[in-house]
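Undergrad: Going line by line, the protein sequences match chains A and B. The first sequence begins at 1 in the working numbering and counts up one residue at a time. The second sequence begins at 284 in the working numbering and counts up one residue at a time.
Bear in mind the hints are in silico, worked out from the structure with no lab data behind them. As the structure is a computational prediction, the values presented were derived from the model and not from experiment. Some clues are possibly wrong.
Not everything, but these chain B residues come out facing chain A in the computed CB check (under 8 Å) [what the hints assert, rightly or not]:
| hint | residue |
| --- | --- |
| 1 | Leu286 |
| 2 | Glu320 |
| 3 | Thr346 |
| 4 | Ala349 |
| 5 | Arg350 |
| 6 | Glu355 |
| 7 | Gly392 |
| 8 | Glu443 |
| 9 | Pro447 |
| 10 | Lys471 |
| 11 | Asp475 |
| 12 | Arg476 |
C-beta atoms are modelled at their ideal positions from N, C-alpha and C, and glycine is treated no differently.
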Amino acid sequence: MNEPPAVTGEEFRKVSDFLYRRTGMLFTETKRYYVERRIADRMSFLKIGSFPTYFGYLRGDVDGEIEKFINAFTVNETYFYREEHQLRCLSTDLLNERVRAKKPGETLRIWSVPCATGEEPYSIAMWLLDNWPEVDVQDIEIVGSDIDTECVAAAQRGEFGQRALMRLSPALIEKYFEALGEDRWRIVADLRQSVQFTAANLMNRSETRQHGKFDIIFCRNVLIYFDDASRRLAAENLFESLVPGGFICLGHTESMSRISPLFEVRRFADAIVYQRPPGGTNG
Amino acid sequence: MPLVRRPSPPTEVAAAPASLTEGTSDQRWAAVRAVAERPDGVPLLAAALPLESDPRVREAIFTGLARAPTAESVEAVIPYLRSDDASLRTAAIDALRAMPEATRPYVAGLLADPEADVRLLSCEFARTLPESEANRLLGDLLVRETEKNVAAAAVEVLAEIGRPEVLPALASCAERFAGDGFLQFSIKEAADRIGQP
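In isolation and in its complexed conformation, chain A is listed as follows:
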């Protein structure tokens, strides 16, 4: 483990300001050691001996350092039932509001993008089956998309290691997975067939449009890595991919208000989400 660098109080405030402006993550003096540890790791990896030199390297985004630095503060791996509070919000508030807004018999469409290797869309399916009373009377379509076709193929296979299942109870694992041996599990066939996976690039409007309109989009922990221009474009593509009144859920460190004024902020008991204003056409 690397010793924290000699970061003065003033330098700590500089890097805290930078992180807040860039990501919305706020680190006060009480988190100073946590921040210093991550700076120490990056400086050691890069063989940079002083904080001012490292801060210049970071601000200049040399060799994509901003992304690597942010990675040090976020959970990069995905797992089942990650950010469970949003799933609670989905079953308690979002879907019920969408059902009220739709005509009887209309399918509710949920998009997980990017879906990585499928943990998120499968989590949505499992959560709804276990927690949403309307699940038996509504048609729900869940689509998972990712720019990485290898991820899409892995998601379709639906095989996961123990780490991905760490938040699931034994009962849930028993219900929705089959053991493959050597700490590997596969999603049961019924559930695998309930989620559709596709390749899609959020930055490519024709690809996002091909997926049609969704009631709810989960787009977590990706916009934080885009530059300003790319974030704006992605936000507009996502806006177009929602029906009027549809919702978008971002990662807990992300804020659509910092990216685009197109969406309205909705505060529910379990989560803050963003909504395409109701009304208007599907344009």
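Model the placement of chain B on the given structure of chain A, informed by the hints.
TA: Okay, now just chain B, sitting in the frame of chain A:
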């Protein structure tokens, strides 16, 4: 299991874009987004911007311009820094911030603009410049600035990116605004962060 799996709906056939300036706001939004993908889109977007009143469509125009980061795009956006409408000023600054390289040659001029509001908003662009250039430009501004709000905006940026060479400019600014408690505090805070040469 009750969840259903259906094929994605058929691809939406992109209709020929309607006029950028006629039709409903949804039609104009769609037209703007289509034009923004065209290599010759910038002049069309620039021409549509002053005629557009819907904030959502305007936002798409600004994004389209920012996605084509050229001098032409920057020059189409800069006039909106002078708008009386605060939302337009904000949209303009966000668009310029999204094309930092294209905006860079204009920052010195914007920091010397006769309008204090433009100078104030432009301090934020300095964050996107290389540190040495940002320090030079904000230092130059601080030694001549007469509006305390503009000086305060520059000092706030320097608190993050300031280098020792800007300390004399901060001291000069502190002297000129000796009666302003807030600015005195901000300058001291920034100078403390920058440290000694």
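Undergrad: Each hint: holds or not?
TA: For each hint, the structure was consulted:
1. Taken as an interface hint, Leu286(B) checks out: its beta carbon lies about 4 Å from the nearest beta carbon of chain A, inside 8 Å.
2. Restraint check, Glu320(B) versus chain A: the minimum CB separation of about 7 Å is within 8 Å; hint holds.
3. Here the hint on Thr346(B) is kept, as its CB sits about 4 Å from the closest CB of chain A, short of 8 Å.
4. Checking Ala349(B) against chain A by beta carbon gives a least distance of about 5 Å; that is within 8 Å, so the hint holds.
5. The interface hint given for Arg350(B) holds, since its Cβ lies 6 Å from the closest Cβ of chain A, which is under the 8 Å cut-off.
6. At its closest, the beta carbon of Glu355(B) sits 16 Å from a beta carbon of chain A; the interface hint therefore is violated under the 8 Å criterion.
7. For Gly392(B), the suggested interface contact is broken, since its CB lies about 22 Å from the closest CB of chain A, more than 8 Å.
8. Among the interface hints, the one on Glu443(B) holds; its C-beta lies about 5 Å from the nearest C-beta in chain A, closer than the 8 Å criterion.
9. With 8 Å as the threshold, the beta carbon of Pro447(B) stays out of range of chain A, its nearest partner Cβ sitting at about 10 Å, so the hint is violated.
10. Here the hint on Lys471(B) is broken, as its CB sits about 12 Å from the closest CB of chain A, past 8 Å.
11. Restraint check, Asp475(B) versus chain A: the minimum CB separation of about 6 Å is within 8 Å; hint holds.
12. Taken as an interface hint, Arg476(B) checks out: its beta carbon lies about 4 Å from the nearest beta carbon of chain A, inside 8 Å.
Hint compliance for this structure: hints 6, 7, 9, 10 are broken, all remaining hints hold.
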